[in-house]
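Visitor: Letter by letter, the chains look like this.
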Amino acid sequence: MKLPFEPAFLQYLIVIVTALAASTAVGLKRGWRGELMAFVPIVAIWALLGATKERLVGSMNVAYRSLRFFLACGSQANTGSCVQSSGLANAMLVDPSNPEQVRLLVLAVFICAVALIFVLVFRFGRRPSSIWQRLLGALLGVANGFTLSYLMLPLLSYREQITLPVASASAEGDLSLIGPSLPSSLSVPSVTVGAVFLVLFVPFVIVAVRLMRPIEFPVKYYGQDR
Amino acid sequence: MGPLEVIWAILVGVFAVVGIVRGYPKELGVTTTIMAALLLLTRGGESLLYLLDTYLARSSQSSVIFEGQYGPLIQSSFYILVLVAAVVISYHGETLAFAGTPPRGPVGIVLNLTSGLINGYLISGSIWHYLHVFDYPIQILGLFRPPLTDLAQNFLVPLLPLPMLEPYLLFLVPFMIVMRVAR
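Protein sequences, first through last, are from chains A and B. The first sequence runs 373 to 598 under my numbering. The second sequence runs 1127 to 1309 under my numbering.
Hints in this document: simulated from the structure, not taken from any laboratory. C-beta atoms are modelled at their ideal positions from N, C-alpha and C, and glycine is treated no differently. Treat each hint with caution, since some may be false.
To be verified - Computed footprint of chain A on chain B, listed as stretches where at least three residues anywhere in the stretch have a Cβ under 8 Å from a Cβ of chain A:
id: 1; stretch: 1223 to 1232
id: 2; stretch: 1288 to 1300
As the list claims (entries may be wrong) - In silico contact screen, one side only, chain B against chain A (beta carbon under 10 Å); selected entries:
id: 3; residue: 1151
id: 4; residue: 1285
id: 5; residue: 1306
Said to hold, decoys possible - Quick partial rundown of chain A residues pointing at chain B, CB under 10 Å, derived from the structure:
id: 6; residue: 460
id: 7; residue: 503
id: 8; residue: 565
id: 9; residue: 566
id: 10; residue: 569
id: 11; residue: 573
id: 12; residue: 574
id: 13; residue: 577
id: 14; residue: 578
id: 15; residue: 579
id: 16; residue: 580
id: 17; residue: 581
id: 18; residue: 583
id: 19; residue: 584
id: 20; residue: 585
With these hints in hand, go ahead and build the complete structure from the sequences.
Guide: As C-alpha cells, this is what we get:
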C-alpha cells in the first residue's frame, strides 16, 4: 500500500516546522524588536536575491574558476596553456541555463543568510523587558515563521514521490492493527495541521512551566514549632 | 439532542472554565494523562478489544464485539469509556499535576484558559472522533440523527485532534513527562 503523500510533503513539513520553531524561539528570546531586526533583513535579502540571481550565479562561477585556476595552474610557469589544457575557461559550478541549479544556489544562499541573521539577533539582540514583549515576540515569530516558509517553499524544487516506511506495511490490514483511529491513509493537511499544533503547543508548555511560581508553604511549617 | 458541534462547543467551554478555576499546573497534568490514554488507545486499543472478544466468544460461540449487531456501539463505547475513565482519574486528585502555582494577573488567567481549552479540545474532540470512525453508533439509542451539519462536516471533523496528533503522540507524551519531572 502506498500512502498518498503529496510530492515533497516531508520537505515542506520540515521547512514549515523549522522556520516556525526558529522564528518563535527568536521572538521569545528577543521580543518583538528582535523579531523585527531579524525579519526586515530577511525580506530584504530575499528581494535582493530575486533581483540579482544572474549576477550571483556569475560571481559564483568566477569564484569557482579562480579556485580551480589557483589549484591547477597556480604553480605553473605558463598559465595560459594550463588554462587551455584544463578547460578552465568554460568551467562552471552553476549552469545559468539550468533553472534547478540556479534555484538550488539561491536557496542555499538564502538559508545561510537567514541562519546568520537568526544567530546574530540571538547573540547580540537585547532581552525583552517584560513577559508581554516576549509573548508579542513569539506571536510575531509565528507569523514571521509562516512568511519565511512562504518565501522558501517556492525555492524547493523537489518533484519525486516520497515513500515513507509506513507505506511498506504489507496490507491495510496491518495498519488497522495499529489502531482503529489511524486512517488507511494519512492526509497531508491533517499531519500538517498537527505539526502546526505541535509547534504552538510545545512552546506554550515550555513558557507556562517557566512562568510557574514555586509553591508557598504555610508559615507554620517553618515557624518556631520546628 | 442538538447538532454535535453545539455539544462539542459547550463541552470545550466547560473545560475552559474548569481550567480557569483549577489553574494550569493541574490542567497540564490532565493533558499528560489524556495524551497517554490516547497513545494507549491508538497503539493498543484494538488489541485489547480482540482479547476481550476472544474471551467473550468462549461463552457466546461467536464474535460479539466485531460481528454482532451492536459491534460498532460496543467498540465506540469501549474507547470512549477508557478515555473518560482516564479523564476522571486525572481530574480526581493531583497525581500528575505540575508542581507550582500560576502567575498572578492576566498572564495567569490566559494560561489557565488556554490549558483548559486545550484539554476540552482533546477530550471532546477525541470522543467525537470515536463516534465518527464507528459511524455514530449512538443512533441506535436515538441520541443522534445524521447527517452532520455542513460546518461540522467541512470544518470540524477534519480538525478533530486524534488523526492530527496521532503521529506526534509518541513525542508529546515523553515531552510532557520531561516537562513535569525536569522543570
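Visitor: Honestly, which of those hints from before does the structure not fit?
Guide: 6
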